[in-house]
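Visitor: In case you want the letters, here they are:
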Amino acid sequence: MRLLTLCLALWLLPGLALSQSLDDLVARLPLGDYADRAAVVDQIGRTGDPRAAAVLEALLDRALEQRNVDGRVVRVTGGRGAQTATDVLTGEDLGPVASRSTTAIRVNNGLRRSIRTALGMLTLADPDPSRRRAAAEAALRTPDAEQIDALTDAMAAEDDPGIRQALSWAHAAAVLASDAPVADRMAAVETLSSAPALTVQSALNPYREAADPALAQAVSRALDAAASRQAVWAQAQTLWFGVSLGSVLLLAAIGLAITFGVMGVINLAHGELVMLGAYTTYAVQEAIRTQAPHLFGWSLAIAVPLAFVLVGAVGVAIERGIVRHLYGRPLETLLATWGVSLILQQAVRTLFGPTNREVGTPDWMSGAWQLGEMTLTGSRLAIVIFALAVFAGLLVVMRHSAFGLQMRAVTQNRAMAANLGIRTGRVDALTFGLGAGIAGLAGVALSQIDNVSPNLGQGYIIDSFLVVVFGGVGNLWGTLAAAMGLGIANKVLEPWAGAVLGKILILIFIILFIQKRPRGLFPQRGRAAEG
Amino acid sequence: MNKLLLTTALCAVFASGALAEDVEPIRIGILHSLSGTMAISETTLRDAMLMLIEQQNARGGVLGRPLEAVVVDPASDWPRFAELARELIAGDGVAAVFGCWTSVSRKSVLPVFEELNSILFYPVQYEGQESQRNVFYTGAAPNQQAIPAIDYLMDVEGVERFYLAGTDYVYPRTTNQILEAYLIARGVAPEDIIVNYTPFGHSDWQTIVSEIAAFGATGRRAAVVSTINGDANVPFYNELAAQGITAEEIPVIAFSVGEEELAGIDTGPLVGHLAAWNYFESVDTPENQAFIDAWHAYTGNDARVTNDPMEAHYIGFNMWVQAVEAAGTTDTDAVIDAMIGVAVPNLTGGISSMGANHHITKPVLIGEIQADGQFDVVWETSGLVLGDEWSDYLPESASLISDWRAPLSCGNFNVETGTCGGSE
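Chains E and G are the protein sequences, given in the same order.
If you're matching positions, the first sequence starts at 4 in my numbering and goes up one per residue.
If you're matching positions, the second sequence starts at 12 in my numbering and goes up one per residue.
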């Protein structure tokens, strides 16, 4: 063991003495543990060799393997059974390799960090701006005094203001980590304090106890400023989380606001209609993946009308087949729709299998934006906008279309409406279909954030009824207010009460509220209320 | 298959009356939910058991007798587990039962196995704090999964701050209690540990993930230790990806996320997040390759993944076969005695053996999620680890041991007071 340590030490020492050739370093990559490998990666970065970036990127992708016969490090590409090897430095084709004839060079998180830092140093002047930005961010994460010169040069050469700013923060962090004069390090603290609060905290926390009292004071002042800035923004962030949760509740509940709220049908299969919408999205994406991969960005736009029509048709079938025979008998309706929900669940389970299905997020929806100290994620933002658009669209249909007028007429006074020549049966079917179709739309949105599994609907059915009842049955604006109110209340409670207790508190509140005001937040008044 | 065996048996009866008793099949009970919420996980284990039994029959059965599987469906309903266990043992006369997934289902059948004196093989990682004479625990105890995971994070990743996130039920609560005690014993300050529980099926992770992001921004390495269960994992990992938290900044190590759970998630943004298990499908050994090939052939589906509880059943079943052959009988007491010390190859290239505490030795593997939904092993224990039923890190169980060999024959012997039954 001691001998081995000695050997290792002997063989690492010359590495410190610089000017190791890239070929030697690559040959040493498979040896030792992650720490040894990180040291070699660091040296590869320092060689400045133009081939080094390609080596490190291959290592990052886990494509580097060692041949068992001669120990040569090769890049292996291709899937199982069809793998071929190329020399990592020369690109020479070494022909196909059998699956057990090479040993992968293991990479873990720590090593990946080292690789990114080393790669960052090599790509600071890359023509591709996204790689330069990644390089600046890597340098900021692992500040290193030896990088100061490289970062200064990169800053001078940078045209993109955003990347230049990131570089200046990385430079400041590196200066702070060096033994530069206190004045320079104070200036670095000053520069860093303009970064996002989380970055300030990551970069400055280690210097809170700095030896120099003036520096320590400057650091804690910057940290306090960042903390108070963040505290203010945290309110906005909580509000946003609440709105985002509220919009999910709104989407799930708004279809029910039609079938239960307007028509008075207790539809326990509502959750399964949402689930069908999610599976429609899955099916659309599968078809696109196999038939026309270039359309993937449009998959949700295609799924939206399809889910509306398909799930709406299922809704019409449920109404015509079952619900219409049970009008005025709420208990039977409840049991029958519960049965329908079980049938739909099992049908999907048989058709698609019991396990979760993967629904991808198109590129334009993924990613996050920084607004002040707040993070807005693309998928959540899209869902909020989508929920409000569906709500607005529904409002227009209800208020300003002939169908909406007929629908309100039938639900308020069926006999009178029939006397005026409205085909009430058809209106009933279409109204139920509209509610179901909107549930399908909700499914498209929920497929982006939740499991696409046969159980998807069960998670939302209780919340949906809660929102509709709390908002006031038959009132769309009430549904909006209730969804947003419950979403925000949930998110305000969560940080200090915890998710479990928060949920319990909300339930207790709603029970008490319904005791006091059985008709919800915005009860319907006038003739409609008696209907 | 069974029909074929029956025919063979019948032929034997006609050929010679004396032989009839020799070829009477040995019955094995399979007690896994095939419907309800747990069907996702447990159906696979039923299939794995049927495959193992078929393979054993092809090798000539056990004691010269064929094996016959008796499959029942407890439908994710805990009291139903106990009823069906009684039916299997008393009604069908099974020699041993392989079954259960959740701790509550195991707790529900314990009294039945004790009363009717039969054998249960339990294949899932669990919270420990239990050792019963009639049960053989082939899944991991906390010291075979959670504790080595913490060691890896601290020693290899250099993590100093821990966010313990779990679903609110018995396994995460007990595991986190043990982990908190262990972390404090290893010198982590209490303010560097946060414990957070969420309800089953929690789907809105925005607040918690942003809390994790803030928790990680102190300039010291932070990690999330996740005992989040089942369906809540997909939205959790999706939210991590959406808020851009990568494993290089804040790794998440999970104890309930395996190959099956990763199906249904785009694992591209999750590369590097970790899981601790005793088996991964990606482990490259001839035994594992043979097992995977057999599994694909048996299910007729090359896309079916294998996972840790399947390996536990593989080990448990082979141990039972060996113990029965050693005892020369399927008599419960003789087999329980013969089980201790039995050693069989596991699928990761080692030999697992049954300890006197009815737990087995296993390697502990830490794997990182890859873009193809598989795990790449980045660390493993140098040898096999024996499951520790009573945690040394909880004051109420620190002095308890279990040893089912005569003359002690006790599942909770208190070494301080020298009495059996010191707790529970």
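Hints in this document: simulated from the structure, not taken from any laboratory.
Fair warning: there could be bad hints in the mix.
[Unchecked claim] Ranges between beta-carbon positions, derived for each pair:
#1 E/L408 <-> G/A314: 51 to 59 Å
#2 E/T80 <-> G/G394: 34 to 42 Å
#3 G/D383 <-> E/V185: 24 to 32 Å
[Said to hold, decoys possible] Chain E stretches covered by chain G per the calculated footprint, using a threshold of three residues with CB under 8 Å from any CB of chain G:
#4 205 to 218
#5 247 to 259
#6 502 to 508
[What the hints assert, rightly or not] Only pairs whose alpha carbons sit at most 25 Å apart, straight line, appear in this in silico SDA-like list of lysine to any residue:
#7 G/K118 <-> G/L397
#8 E/K519 <-> E/I509
#9 E/K506 <-> G/T185
#10 E/K519 <-> E/N458
#11 E/K506 <-> G/D84
#12 G/K118 <-> G/T185
#13 E/K506 <-> G/N318
#14 E/K506 <-> G/L397
#15 G/K118 <-> G/A314
#16 G/K118 <-> G/Y180
#17 G/K118 <-> G/G71
#18 E/K506 <-> G/G212
#19 E/K506 <-> G/K118
#20 E/K506 <-> G/R184
#21 E/K506 <-> G/F226
#22 E/K506 <-> G/V206
#23 E/K519 <-> E/Q461
Backbone N, C-alpha and C define an ideal beta-carbon position, used for all residues, glycine too.
Visitor: Decide if the proposed pair is consistent with the structure: E/K506 and G/F226, CA atoms, cutoff 25 Å inclusive.
Guide: 23 Å, holds
Visitor: For the stretch 247 to 259 of chain E, do at least 3 residues have a Cβ located nearer than 8 Å to some Cβ of chain G?
Guide: holds (count 3)
Visitor: Compare the distance between the alpha carbons of G/K118 and G/A314 with 25 Å, and conclude whether the hinted pair is satisfied.
Guide: 34 Å, violated
Visitor: Straight-line Cα separation of G/K118 and G/L397 no greater than 25 Å?
Guide: Holds, because 22 Å separates the two Cα atoms, which is no more than 25 Å.
Visitor: Hint check: G/K118 vs G/G71, CA-CA at most 25 Å. Holds or violated?
Guide: Given pair G/K118, G/G71 is violated - Cα atoms ~35 Å apart, limit 25 Å.
Visitor: Checking one constraint from the list: CA of E/K506 to CA of G/N318, max 25 Å. Satisfied?
Guide: At roughly 34 Å apart (the allowed maximum being 25 Å), G/N318 and E/K506 break the hint.
Visitor: Given the hint that E/K506 pairs with G/K118, does the C-alpha gap stay at or below 25 Å?
Guide: Answer violated: E/K506 to G/K118 is near 28 Å, above 25 Å.
Visitor: CB of E/T80 to CB of G/G394, is that within 34 to 42 Å?
Guide: 36 Å, holds
Visitor: Regarding the pair G/K118 and G/T185, is the alpha-carbon distance no greater than 25 Å?
Guide: 15 Å, holds
Visitor: Take a quick look at whether E/K506 and G/R184 sit within 25 Å of each other, Cα to Cα.
Guide: 19 Å, holds
Visitor: Between the alpha carbons of E/K506 and G/T185, is the straight-line distance 25 Å or under?
Guide: Holds: E/K506 and G/T185 sit about 23 Å apart, inside 25 Å.
Visitor: For the pair we were handed, E/K506 and G/L397, check the Cα-Cα distance against 25 Å.
Guide: 40 Å, violated
In the structure shown, a violation is registered for the earlier hints numbered 3, 10, 11, 13, 14, 15, 17, 19 and 23, in ascending order.
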